[in-house]
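With the sequences and hints as input, model every part of the structure.
Using our numbering, the first residue of the sequence shown is number 113, and each one after it goes up by one.
Quick caveat, the hints were computed from the structure, so don't treat them as lab data. Quick caveat: nothing in here was measured; it's all calculated off a predicted structure. Fair warning: there could be bad hints in the mix.
[To be verified] If you anchor each label on the Cβ, the simulated ranges turn out as follows:
1) D185 / S312: 31 to 37 Å
2) F247 / S166: 16 to 22 Å
3) A272 / T316: 20 to 26 Å
We put the beta carbon where it would ideally sit given N, CA and C, even for glycine.
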Amino acid sequence: MKQILMRGALLAALALPGAASAAVYEITFSGHVSSIDTVGGATSISDYFAVGNSMTGVIRLDSDMVDAIYYTDDAVDGVGREARYLTTVQTLQFTVAGETFSSSGNGELFVQNDYRNGSAAPDRDAIRSPFWGIFAATYGDIGAQGMQFAIGADLTSLLANDDFPGLAALIALAGGNTIGGGWNWIGFDNGETMRFDLTSVSVTGDPPVVPLPAGLPLMVSGLGLFEALRRWRRRLGRRPVAAL
113 MKQILMRGAL LAALALPGAA SAAVYEITFS GHVSSIDTVG GATSISDYFA
163 VGNSMTGVIR LDSDMVDAIY YTDDAVDGVG REARYLTTVQ TLQFTVAGET
213 FSSSGNGELF VQNDYRNGSA APDRDAIRSP FWGIFAATYG DIGAQGMQFA
263 IGADLTSLLA NDDFPGLAAL IALAGGNTIG GGWNWIGFDN GETMRFDLTS
313 VSVTGDPPVV PLPAGLPLMV SGLGLFEALR RWRRRLGRRP VAAL
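Structure representation (structure tokens):
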């Protein structure tokens, strides 16, 4: 009887597992304009912004908004690869010299594990999120066309694999961040680009909460029933029934 009760309780617990809930991570950052690439037109973004202007920003990632994943192997040495997660970015926003540039919808996230962006780049772990469709003011006849946020380091052990990064991985990337103005930018209609150096990056958010199995109450109930049966037999002085 004991074995029957135990088996039934365990099967109930295993048959109805609870699903892990999602996590939302928020990365806040600050820095300054490191360069402005101009094209020599009559109107330039450099008429409105200057190297050294302060900037702040925020990006929010949602681990429950993954629609599809594509992988690209490192073409340089064939070791690392990049994973592309779609619709994982809830918010991306830059504020530069008091002017705000924000995303207009969900974006995508690239997770790079031991990956090189070009033959001259080092192997590195990184995340980056390009965004198109920007809410922002128009500067003369120039509007913002797209922007990108990225953090990472010239290290290759911060991301254990190319899965969606968790809180610990994001904190490790932020702590080892060495990516400069080439990776963080706002692009404009006329081909000009404003790039940033990040001087401060912080990550907040809770790891996904994994609930107890849904069948756990059944298992506990089964164990309680067994204990009650054992006490009843003891009171009656009966011998235990042989296990089946």
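Do the hints match the structure? See the list:
no.	hint	result
1	D185 / S312: 31 to 37 Å	holds, 33 Å
2	F247 / S166: 16 to 22 Å	holds, 20 Å
3	A272 / T316: 20 to 26 Å	holds, 21 Å
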